[in-house]
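Sequence order for the protein chains is D and S.
Going by the numbering used here, the first residue of the first sequence is number 897, and it counts up by one from there.
Going by the numbering used here, the first residue of the second sequence is number 7, and it counts up by one from there.
Bear in mind the hints are in silico, worked out from the structure with no lab data behind them.
Don't take every hint at face value.
Restraint ranges, calculated between C-beta atoms of paired labels, are given here [unchecked claim]: (1) S:Pro163 with D:Lys1007: 34 to 40 Å; (2) D:Ser969 with S:Ser113: 29 to 35 Å; (3) S:Leu282 with D:Gly976: 57 to 63 Å; (4) S:Val288 with D:Pro937: 55 to 61 Å.
The model shown is predicted, which means the values in this text are computed figures rather than measured ones.
Idealized CB from N, CA, C, for every residue including glycine.
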Amino acid sequence: MTNQSPFIRINAVSRVFNGGNGVHDLSLDIPRGSFVVLLGPSGCGKSTTLRLIAGLETADQGSIAIDGKDVTSTPPSKRGLSMVFQSYALFPHLSVAENIVFGLKVRKTKKNEINTRLTDALRVTGLEGYQDRKPAQLSGGQRQRVALARAIVAGHSLCLMDEPLSNLDAKLRHAVRKDIRDLQQRLGITVVYVTHDQTEAMSMADIVILMKDGRIEQVGNPADLYLKPATAFAAGFVGSPPMALIPANALPASVIPDGLDANHLTFGIRPEDLILSTKLGQQPWGIPATVTGSEFLGAETFVFVAIPGTDGATARLPGRVEISPGTEVSLSWAGAAAHWFDGEHGHRLTPTVPGTSAHVTKITSQPDTATSTL
Amino acid sequence: MNEMARLQKRRLALYGWMLAAPALALMSLFAFYPAIATFWHSLFSRGTSRRPSVFSGFENYGDLFADPTFWTVATNNLIYAGVTIPVSIIFALVMALWANAHIPARSFVRSAYFTPTILPMIAAANLWLFFYTPDLGVIDQITGFFGASPTNWLGQPETALASVIIVTIWKEAGFFMIFYLAALQTIPPDLREAARIEGAGRWTYTRRVLLPLLMPTTIFVFVNAMINSVKLIDHLFILTKGGPNNASKLILYWIWEMAFAYFDSPHAAAMTILVLLALGLVAVAQFRLVEKRTHYR
């Protein structure tokens, strides 16, 4: 699969709207059979990208190829794909069955074939017994499944999904997430999925494409995105609660790796990597901070701290932690857990002097002991 | 039952009746009572100073059926309704689809279509009187340009009814368009995109999705058009006065003539009752047949 040409190739595509937004010079390869999530805040161009693939928007510049065929100016119906809309876009006057087979009927498929496929789609999506109902008589989750059934009934190998879960409640969303993923695996189809919810992206995707302002910010598997965010934006967008981003000049100079300029540097730390210590003065380099509040979530506790000169940070601590607002604490971390970003452009920086990073690691491996090498 | 609950229930019922009372009073005074009075009146003969009015049963109705004018007028009205209703609905739909599309000067197109509706029927009729003027009118100017001889559109039995029909369509289509336009705007654009992806072209989308979703509007417009085809006769007073030789006379105009030109109110009353009966039957048939097949959101 890896050596083959990509299933979808978007080459230098631009689509700009009068009111702004859109996508700019976007290039992207999507391998066959993968579950690709377009992730980003609203207005980042993820939906436009999806609609460009679908053919509902036409590229101003650049080309799009699906399965080796240039489809840049092919109408949606000839691109061999199906789509699930955020609103589901079910036809309110048609029954569940009629909705599902709408496309097959339009394409004049044979009657007994329509019936076989309908039965299959109903079974796969667990909608048996509902085929005669109208969409208005279904719950949100059932409507979502009808939209899904309509997408898979034609047997297209590409399915586009535009925030299909955003109208469901949290519990259902979790279950459907798994269902969609299973369905994709079982049918072996390629799914391009748009969402602004990073949890959805992380839990479902083979490949996450993080977008911002009409451009790609980072492409990678969920682990890459989480462990090695390419930019400060990626670091702040992925993960909940998000990574704390702190201007490096608010930190003691001793923690800045050699070769990096603290005045043009952003420091990032994941909540779970932040170590809170109330033993003030025992560590030579910990950052002084004040607890502003905490949230107990059962398995873990989020502790919010204010750091002078910054937007503050969140620490994720296992179990239940009793800590009252106003407590003075000292923050530290394992050296390898630190992320460094360019202060202006936001891209990721790797400390150039390997010794420095190792140095920091060594010190912080015993954060409670007063080491004085720095 | 709990005393308190019973009291509350009674109060709620009283409240309901109080809410309905103003409408009920006005309806009784101006609709139900006149209808019953008209029916009662239609059962008596026409009274003169020498021969007072006497109960004559359904004799007035028999007279109507025996009158050849009755059949002319009824046929005229059937043709009038049969043409104006579907044609103005189709025009309204097409105009709405066009005015709803992304076209330049969309708001101008919409207001242009709506203009005939704003005009009073009398004013519109006067405008068209000018259009229809033999030789001098706009229509004859245009047909004359192509070498046709002047036609007295309103003055000859062959064209009078058709001319009146055209004025009505021109007047009504814009009004009905507004309803279609409003309905079209409630249809989410997603449906069109979903249909496009499923391979439906413009025509399939219109036939399989748009028209069924517009059905409630169509019923509403149809009922209105039907009522208007009986009710709206203002233009006849200006254009043809029902002539020539009853060629463009509609039922209501005929009733008006009987009652206020010939002062034959019993026959006018009988005719009114027949119209009410016919409209009632159509309404029932409509609700029975069409309602079931319509999807209301």
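Hints, verified against the model:
no.	hint	result
1	S:Pro163 with D:Lys1007: 34 to 40 Å	violated (54 Å)
2	D:Ser969 with S:Ser113: 29 to 35 Å	holds (31 Å)
3	S:Leu282 with D:Gly976: 57 to 63 Å	holds (60 Å)
4	S:Val288 with D:Pro937: 55 to 61 Å	holds (57 Å)
Hint compliance for this structure: hint 1 is the single one not met.
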